[in-house]
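Protein chains: 2
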Amino acid sequence: MIKVVAKNFVKPEKTDEAVLLLKKLVEETVKEKGCIKYELFVDVKDYSILTIIEEWESQEDLNNHMASEHFKRIVPLLGKLMVKTGEINVYEKI
Amino acid sequence: MIKVVAKNFVKPEKTDEAVLLLKKLVEETVKEKGCIKYELFVDVKDYSILTIIEEWESQEDLNNHMASEHFKRIVPLLGKLMVKTGEINVYEKI
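Which chain is which? The protein sequence lines are A and B, in order.
Count along the first sequence from 1, add 6, and you get the number used in this note's numbering.
Count along the second sequence from 1, add 6, and you get the number used in this note's numbering.
Some clues are possibly wrong.
Identical copies carry no separate label here, and so any pair may be met within one copy or between two of them.
Unchecked claim - Calculated pairs, DMTMM-like style, for lysine to aspartate or glutamate (alpha carbon to alpha carbon, straight line, at most 20 Å): (1) Lys-37 to Glu-93; (2) Lys-51 to Glu-63; (3) Lys-17 to Glu-38; (4) Lys-90 to Glu-61; (5) Lys-99 to Asp-22; (6) Lys-90 to Glu-75; (7) Lys-86 to Asp-67; (8) Lys-78 to Asp-67.
Keep in mind the hints are simulated off the structure, nothing from the lab.
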């Protein structure tokens, strides 16, 4: 099992727009093969930090996700709403 | 439900020692009231990034965790093994 934490730093005036896009990304991604969890969270102290916490069956499934039509369509749109590059960490449980 | 991501940046030569302490913290914490999940992960590309992903029933349970004997004992020991201050985000699902 692979865990991913993708932390996004959104321009404060663009958080509503970013939430809509991220929810669309969630809606499409949860249908993908190998997707165990793909959930959107907001930092309780800073609403401009929007983080997706993911669980995938394998690295191959994660690779397929990042090559998917919806990922390649939505992620560049999200990029325009960000203050800076996000942090993405891929983890394994120990 | 409250989600917490606690990301630690460990001195590379201290990762084994940090893993032992973090596993002890996990072992004690999963027994706590309101703890749904408390799991330790390592970044697959950088073994000095050790992250705990947590799920708590309520903010009160999280507060009690941070006031617990084992938290107050182990966290300062961990602090000595870090390159820099960790990142802790408390999230709610949206």
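Q. So which hints don't hold here, by number, going up?
A. Of the numbered hints given earlier, those the structure breaks are 1, 3, 4, 6, 7, listed in rising order.
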